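Oh and the sequence shown: position 116 is 116 in the numbering used here, straight run, nothing missing.
In short, the hints are calculated from the structure, not lab data. Since this is a predicted model, take the numbers as computed values, not measurements. One should not assume that every hint holds.
As the list claims (entries may be wrong) - FRET-style restraints, in silico, Cβ to Cβ: (1) ILE79 to VAL115: 44 to 54 Å; (2) ILE79 to ILE124: 58 to 68 Å; (3) LYS74 to PRO43: 23 to 33 Å; (4) LEU80 to HIS19: 19 to 29 Å; (5) VAL54 to ARG84: 16 to 26 Å; (6) SER2 to PHE46: 22 to 32 Å; (7) SER2 to ARG84: 40 to 50 Å.
As the list claims (entries may be wrong) - List time: in silico DSBU-like cross-link candidates among lysine-lysine, alpha-carbon distance up to 30 Å: (8) LYS17 to LYS74; (9) LYS98 to LYS88; (10) LYS74 to LYS32; (11) LYS112 to LYS88; (12) LYS55 to LYS7; (13) LYS31 to LYS17; (14) LYS14 to LYS4; (15) LYS31 to LYS4; (16) LYS14 to LYS42; (17) LYS74 to LYS91; (18) LYS4 to LYS32; (19) LYS112 to LYS98; (20) LYS5 to LYS32; (21) LYS5 to LYS31; (22) LYS7 to LYS32; (23) LYS32 to LYS17; (24) LYS14 to LYS32; (25) LYS31 to LYS55; (26) LYS105 to LYS119; (27) LYS119 to LYS91; (28) LYS5 to LYS17; (29) LYS55 to LYS42.
Glycine included, C-beta positions come from ideal geometry on N, C-alpha and C.
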Amino acid sequence: MSAKKEKDKHEFEKFLKMHNINETGVINSRKKWDQLYSWNNKPIEFSILEDYQVKIDSTLRYNGTSMRNLNFEKEVLVILGELRNDIKILKEDVAILKQDVAMLKEEVEILKSDVSVLKQFHNI
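All chains, full assembly: derive it from the sequences and hints.
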């Protein structure tokens with residue numbers, strides 16, 4: 001990427017970071033459009049509507065690696081938190097299941113001894 005495009009890309013990143021998520025931004029200069037084009041790094045598609053109005057059809061996004069997607073990071077952190085909670089619950093469930101298995105083993109041993117007593121009693 002040329003030095004001008006790289007500079008435009010970084011300038012547009014700064015412009016984006018001045019806005020909040022879901023806030024409407026306004027591009028009111030050709031310079032900003034040039035920066036947007038450099039940042040997007042691909043053609044911008046549009047439709048021609050009645051009275052020759054133009055509607056942009058594509059979602060514009062950064063295709064490089066230097067700008068972090070904060071929404072994605074937040075989503076990943078939330079998912080990791082949920083996974084930690086799920087793992088904690090699963091560990092507790094496993095501990096309970098281990099206790100249940102130990103109790104069942106004891107009951108099986110008691111039943112085996114009862115069966116052997118009954119076999120002896122009935123001469124089986």
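Indices of hints not satisfied (ascending) | Hints 5, 11 and 27 contradicted; others consistent.
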